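Model the full structure from these sequences, guided by the hints.
Those sequence lines, one after another, are chains A and B. Going by the working numbering, 146 is the number at position 146 of the first sequence; the sequence numbering is gapless. Position in the second sequence counted from 1, then plus 1000, gives you the working numbering.
Think of the hints as simulated: they come from the structure by calculation, not from any bench. Model, not experiment: these values are computed from the prediction. Any given hint might turn out to be false.
[Said to hold, decoys possible] Each pair of labels, with its calculated beta carbon distance range:
| no. | chain 1 | residue 1 | chain 2 | residue 2 | range |
| --- | --- | --- | --- | --- | --- |
| 1 | B | Lys1305 | A | Leu346 | 54 to 62 Å |
| 2 | B | Asp1069 | A | Leu30 | 41 to 49 Å |
| 3 | A | Trp220 | B | Thr1477 | 49 to 57 Å |
[Stated by the list, open to error] Anything over 10 Å on all C-beta distances counts as not near chain B; from chain A, calculated:
| no. | residue |
| --- | --- |
| 4 | Ile138 |
| 5 | Phe194 |
| 6 | Leu317 |
Ideal Cβ positions, reconstructed from N, Cα and C, are used throughout, including at glycine.
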Amino acid sequence: MKRLVLARREQPLRGGQPLSFLIGLVLALLVGIFLLIASGHNPFEIYERLFNSSVGDANAWAKTLNRAVPLGLAGLAVAVAGSMGLWNIGAEGQILAGAMMAAWIAQIGEGLASPLLISLMLLASICGGALLASGPAIARAQIGVNEIITTLMLNEVALRLLQWLIHGPWKDPESRGFPLAPLLSEEARLPKLFGRAHWGVVIAFLVIALFGFVVSRTAWGYELKVAGSSGATARYAGISLKRKIMTVMILSGGIAGLAGGIELSGTSDRIVEGISGGYGFAGIIVAALALMKPSGVAAVAVIFGAVQVGGLSIQTLGVSSSVSTILQALILFGAIGAGVFNRYTLKRVKRDVRGESL
Amino acid sequence: MIDIWKRFPGVIANAGATLNVERGTIHAVLGENGAGKSTLMNILSGVYRPDEGEVLVNGEQCWFNSPADALTSGIGMVHQEFRLVPSFTVAENIVLGASEKIIKRSAIEREVGEIAHQFGLAIDPTRPVWQLSMGERQRVEILKTLWRKAQILILDEPTAVLTPAEADELGKVLGRMAEDGRTVIFISHKLHEVTAFCDEATVLRGGKTVASSLKVKDVNEGDLAGLMVGSSPIISERPPSQTPGEEMLAIRGLGTLDDRFLPAVKNLNLSVKSGEIVGIAGVSGNGQREMAQAIAGLRPITSGKIVIADKDLTRAPPSERFTAGLGYVPEDRLGVGLAPRLTVTENAILRNYRNLRKRMLLVAEQASEYCKNIIEQFGVRTGSIDDPIAGLSGGNLQRLLVGRELSGDPKVVVAAQPTRGLDVQGVKAIQDLLIAERAEGVAVLLISEDLDELLTLSDRLLVMHEGEIVSEFDPATAQRHEIGAAMAGKKSIA
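Okay, structure coming up:
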C-alpha cells in the first residue's frame, strides 16, 4: 500500500517563494468564497472592494504603504535577530518605547526647525527601542537568559509606562478626559510623499534595503550567518558570540523603536494607547513569511499591509469584523502553507518504512 | 538478534550484526563510535526496524513497531540523553506515558520506593527531577523501565554522564538486577567498566559482530581494545622515512576539563617536529577530544603552555592560532568544522574571511576564487559553490574541511578522527593529504581510533589513557597487543 509523505527537498526550490505566495493567495481566496457565501455576502463584490481599497488607486496605495512601514520595520527587527537564531518577541514594546522617546523629544525640542526636529525624534526613537532591548541583550549574552521571555515581558513594562504617561503627566488638557497625549506640532510631523503616504515609507524602505545589503554582503553579516547556523562553528572561526548577541539584539530593538517613531510622527500624530497597533507581533509573522531574510521583508510587509487595509475596508460593506479577520488569516495562512512546498515535496512511498523515508 | 542489517541514507549502520544474550547476565556491547552499537540497540528496543535479520526474545521471533511494543516483550532502554520532565517529580516521571488511566499518587510512590529499595537505587519518589544530579536522573530512567516490568534492560553508555564513584554504584545496582534474574545489556567503550561489571561481551566493528559472547573473565582489556580497533584494509602506503626538522608544536604541562568539569587532560607533554606525523591512540573518552580542542583554543585550559612555531599561543583566540599556522580538523565535522546551513563558499572562507574584505564589505569574487581553489586543489565534488553544504557527501565535506585548514599554509595540523565514517576513497584521499603535508615539512598531530591508520601514517605513536600519555611506540616495530594493553591503561616501556 502506498501513502503520501512530505519529504524534504535537498535544496529549496529556486524562486519558489513568490510563486507559492501567489498560489497560496489564490487558493485562500477560493476558500474565502465559501466563507463569504456562507455568511451571506456576494464574494465578488467583497473581493472587488478588498482589492480596490488596498491597491486600487493612489489613495489606496498610500494607506497600504503607511501600514507596511511599521509592519516592515517590525518584521526587519525580528528577522535581523532571527538570522542569528534569536527571537525578539518584544518589538511591540520597543515600538512603544521608540514612540515615547520621539514624543518626548518633540516636546522639549519645540521651536526647532522641522527637518532637525524630525531627525532628532527618529534618532531618539531608535535609542528608545534599543534601550528596551539592551536588558534582554545583556542577560542573554552574559548569562544565557532566554531572550524570548525577557523581551516578551518588557512589552508589558513599556505599555504600562505609556499608560501612566497618557493618564498622568502627558495627558492632553483638551482631551475631555480621554487618555491622549497632545497632538504633535506641525514641525514634528513627517512630510507627505503623495496623498496620505508620508516620507516614513522611504525611510523604512532604505533601512530595510540597508540591512538586506549588510547581512548579505558584509563580513559582519557573514559572521551573523555563521553564528546563526552553529554557535560552535562561530567560536571555531573566532567570532565572539557574546558581542554578536549584544549588537544584534540592540540593533533589533533600535529598528523596532524606529517603527514607533515613524508611526508617531507620520501617522498617529499623538501618543495614544494603541499606537503600536499589534505591529510588533505581526512583525513576527512578516519575518517568518520572509524566511528570516531581511531582503524579503519589504515585499511581505506591503502584501500584509494591503490585506489589513482591505480587511478593514470590507467591514464597511457589512462584513463582520470576525469574518474579515478570518479572511485575512486565510490569505496569510495560505501563503505560509504554500511556502512549505519550497522546502518539501510530496512523495509516494510504501507503507512500513515510516521514519527512515523522511 | 541474528544477522541484522540497517541502512541509513549514505551509511550502513549495521551490516550483519549478531547478538546473543543469556538471561540473568550483564552483557557488554563494545565498539568504537560509529560501530553500530546504538543502532543495534535501537532496533532491539523498537525505535528502528531492521532492513534485514530477525530479533528473537525467549526463542520467539518479534517484530517491534515501537518502543511500547518492545516494552510489552519486556525490553526497556535507558537512552544516553535522558527523557525526563524536569518540573515533574520522580514518581510522576515514572508513570508518564503509562497505559493506566487512573493513577493513585501514593500507590505509585510506594511502588517506586519498593523497587528502588529492592535494587539499592536510593531516591526519593516525591522529589522534582530538576533537583536531581545526573546520576540520580539516571536512576529515575532505570526505575522507569523496572516499574514497567522490563526483564531486559538496555543501558546506552550509562557511565558517560557519571562520576567514577557514581559509575561504581551503578555497577552494583546492575549486579543486583542480574541476581534477580533480569538481563542487562551494557553499552560502553570504557574497558575497565566492562571487565568490572559484565559477564559477557560482544564486540562490534563497522556494523558487524567481530566477537560474540566472550566470557569477560577469560579475556583481558588489551584483547578487547584490539578487537574494537581491529584492522581495516590498509589503504595508504607508509610514507618514506624522513628526518624530522625543528619542533613546531610544543605542549607543556597541559591540563583541561571535560564538559562535566572533571579533569580530562592531566599534565600532558607533547612535541611534534616539522615533517613528522605523531599519532595519538587511545580508547575514546580518554581526553583526546579535549586535548585537541584545547590546542585549537576551543576549550579553556587549567594549566600548561601551548607553543606553535616558537610562538606562545596559550591564551590566543582560535583565529589567531589559525593565522599563526595551526590547521585544525575537528572531530565534529558538521556543527563545529562546517556550518550546516551555509553554502560551500561561505564554509570555505570560514577561517580566512577577514582577509577577503575591503573595508567592511566581503568581496564576493575573492570569496568564490578562494573557494574554487580549495575545491580544485582538494578534489571536492559539489554542484554549485553557492549550494548549501547539506547536499555534499561525507567524503566531500571532509575534503572541503581539510582543504580549508590546509589552505592557510599551516605549520602545524591537528587532525581529530579525520577519516572516521568515510568510504574507502575518502579515507585514502585524506590520508594522502596528510602524508603530502608531512613531506612539505608540516608537523601533524593525528588523533585516530583506527590503529592501522596510526601505524601506517605515524612516525611516532603515543597512547593516551585517562588524560595522560602512557607510552610511546615506534610504529615500525610495535606489536598490536602491546598497544592494546597500553590503551587499556597498563603502563609499559617500549
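Results of checking the hints against the structure:
1. For the hinted restraint 54 to 62 Å between Lys1305/B and Leu346/A, the CB-CB distance of approximately 59 Å keeps it satisfied.
2. At roughly 44 Å, the beta carbons of Asp1069/B and Leu30/A sit within the given window of 41 to 49 Å.
3. Distance hint for Trp220/A and Thr1477/B: a CB-CB separation of about 55 Å, consistent with the stated range 49 to 57 Å.
4. No beta-carbon of chain B is positioned within 10 Å of the beta-carbon of Ile138/A; the least distance is around 22 Å.
5. Phe194/A, annotated as away from the interface, keeps every beta carbon of chain B farther than 10 Å; the closest lies near 34 Å.
6. No beta-carbon of chain B is positioned within 10 Å of the beta-carbon of Leu317/A; the least distance is around 46 Å.
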